[in-house]
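Asker: Here's the letter readout for the chains.
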Amino acid sequence: MALKTNVRFPQRGGMPEGDPNNSHDLLTQEELEKRGILLTSLDKLFRWGTGWSLWPLQFGLACCAIEMICTTQSRFDMSRFGYEVFRNSPRQADVMIVAGTITEKMRPAVELLYHQMPEPKWVIAMGSCAISGGPFVDSYSVVAGADKVVPVDVYVPGCPPRPEALIDGMLQLKAKLLHPERQQVVRDVK
Amino acid sequence: MLNNVEIAGKQQVAAEFAARFADKIELIENTDSEYMVQAEVLLPAAEYLLSAGYEFLADITAVDYLAEGKFRLIYQVGNYQNGDLITLKVEISREEPQVNSLCAVWKAANWLEREVYDMFGIEFAGHPDLRRILMWDGFEGWPLRKDFVHQPTKYQGRRRLD
Ligand code: SF4
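Chains A and B supply the protein sequences, listed in that same order.
Position 125 of the first sequence, counted from 1, bears residue number 289 in the numbering used here, the numbering being contiguous throughout.
Position 137 of the second sequence, counted from 1, bears residue number 208 in the numbering used here, the numbering being contiguous throughout.
No wet-lab data here; the hints were simulated from the structure.
Note that CB positions come from ideal geometry on N, CA and C, so glycine has one too.
Don't take every hint at face value.
To be verified - To give an idea of the interface, some chain B residues facing chain A are shown, with a C-beta separation under 8 angstroms as derived from the structure:
#1 GLN152
#2 ASN153
#3 MET206
#4 TRP207
#5 PRO214
#6 ARG216
#7 THR224
#8 TYR226
#9 GLY228
#10 ARG229
Claimed, not checked - Ranges of calculated distance between the beta carbons of each label pair, as one might list FRET restraints:
#11 A:PRO272 to B:GLY197: 31 to 37 angstroms
#12 A:GLU194 to B:TYR226: 21 to 27 angstroms
#13 A:PRO321 to B:LYS225: 39 to 45 angstroms
#14 A:LYS208 to B:ASP200: 55 to 61 angstroms
What the hints assert, rightly or not - The calculated lysine-lysine pairs, modelled on DSSO-like cross-linking and capped at a C-alpha distance of 30 angstroms, are:
#15 A:LYS269 to B:LYS178
#16 B:LYS225 to A:LYS312
#17 B:LYS95 to B:LYS81
#18 B:LYS225 to A:LYS285
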């Protein structure tokens, strides 16, 4: 089916007929989009597709994992957004949801799982344990946050976060994917 | 409420303990089945309990009484036949924390004793495989002792946002 649009492209041999001020070859991308023409780069298209079908890695570390499980079930239903394909193998996953407390003994395993995931990959730190060690930060066995071990993209606060908060975290990650230019927040933690 | 079968079980154990370990085992005040056991009769007492139908070792744990210079070990043993639960308590000195292993009596003691060893550093003589179970290899110290001071690893410790 032919694309119906009002835009007339410059003819060979000069400007098209009509309003001489309407120089079509100078239209911005937004103006073109308003007229039904979509211009994009392949990269952008890929990021758009990825953002709508992130595959999380299926693993949980503590109580937050229960909330992550709830998020995928019918009441909250993360599959509405395309994120329900939890993968058992890190080789097939592109988001690691650190749902729970990382202990010193578990840390090498989390690190290994992260390195086993193929690029591109993202990490969501879910709950105060994954953000900063949570209520157990002074304990002898707890790592003070996932970002001590792996680079974290989105922090979801709460103890545990509500399922809606995790969904919001996933949507924030999608926004980050679609608009890389908005990655302004720089966090320098000693 | 205890039923008659449980009470009968408790009375039988109390009578046997009184007969065999007269001054080594005594009932703790205001309890009906908690016994303070001298460390040297722990093993024979455990063997008797097993033969009397107390097959289920529910838990082993310990308490650190730093001021008094002793550890108190707590054993909880259950009987599936009459539903009774009995507690044995053993006090050992903090300087020489050693006690007989009960692995030969109850197999469940294996991992429970390893956990107590891991957390308190109490040695269990005769344990087949006494090494840490929860903490990672290379960890130093006994975390549940009251005088334990934690040295954070480079992944630990509160962070400062200023
Ligand atoms: S943040 Fe709270 S709910 Fe989540 S793992 Fe830690 S303690 Fe559990």
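Asker: Now tell me if each hint is right for this structure.
Answerer: Evaluation of the provided hints:
Of the supplied interface hints, the one on GLN152 of chain B is violated, with its beta-carbon coming no nearer than about 37 angstroms to a beta-carbon of chain A, more than 8 angstroms. Interface hint status for ASN153 of chain B: violated, as the beta-carbon distance to the closest one in chain A is roughly 37 angstroms, over 8 angstroms. Given hint, MET206 of chain B at the interface with chain A, holds; its Cβ is 7 angstroms from that chain's nearest Cβ, closer than 8 angstroms. At about 4 angstroms, the closest approach between the beta carbon of TRP207 of chain B and any beta carbon in chain A falls short of 8 angstroms, and the interface hint on this residue holds.
Nearest Cβ of chain A to the Cβ of PRO214 of chain B: about 5 angstroms, under the 8 angstroms cut. The hint holds. About 11 angstroms separates the beta-carbon of ARG216 of chain B from the nearest beta-carbon of chain A, more than 8 angstroms, and the hint is not met. Evaluation of the THR224 of chain B hint against chain A yields a held restraint, the C-beta minimum of about 6 angstroms falling below 8 angstroms. For TYR226 of chain B, the interface hint holds, since its Cβ comes within 8 angstroms of a Cβ in chain A; the closest pair sits about 4 angstroms apart.
Hint on GLY228 of chain B holds. Least Cβ distance to chain A is approximately 6 angstroms, under the 8 angstroms limit. Evaluation of the ARG229 of chain B hint against chain A yields a held restraint, the C-beta minimum of about 6 angstroms falling below 8 angstroms. Checked against the hint of 31 to 37 angstroms, the pair PRO272 of chain A and GLY197 of chain B passes, with Cβ atoms roughly 33 angstroms apart. Between GLU194 of chain A and TYR226 of chain B the beta carbon distance is about 47 angstroms. The supplied range of 21 to 27 angstroms is therefore violated.
Range check, PRO321 of chain A to LYS225 of chain B: Cβ separation about 25 angstroms, and the 39 to 45 angstroms hint is violated. Between LYS208 of chain A and ASP200 of chain B the C-beta distance comes to about 58 angstroms, which sits within the given range of 55 to 61 angstroms. Using a Cα cut-off of 30 angstroms, the hinted pair LYS269 of chain A and LYS178 of chain B holds, with the two alpha carbons roughly 26 angstroms apart. Taking the CA atoms of LYS225 of chain B and LYS312 of chain A, the gap is about 9 angstroms. The hint holds against a cut of 30 angstroms.
The straight-line distance between the Cα atoms of LYS95 of chain B and LYS81 of chain B is roughly 18 angstroms, inside the 30 angstroms bound, and the hint therefore holds. With a CA separation close to 25 angstroms, the supplied pair LYS225 of chain B and LYS285 of chain A stays within the 30 angstroms bound.
Of the numbered hints stated above, those contradicted by the structure are hints 1, 2, 6, 12 and 13, listed in ascending order.
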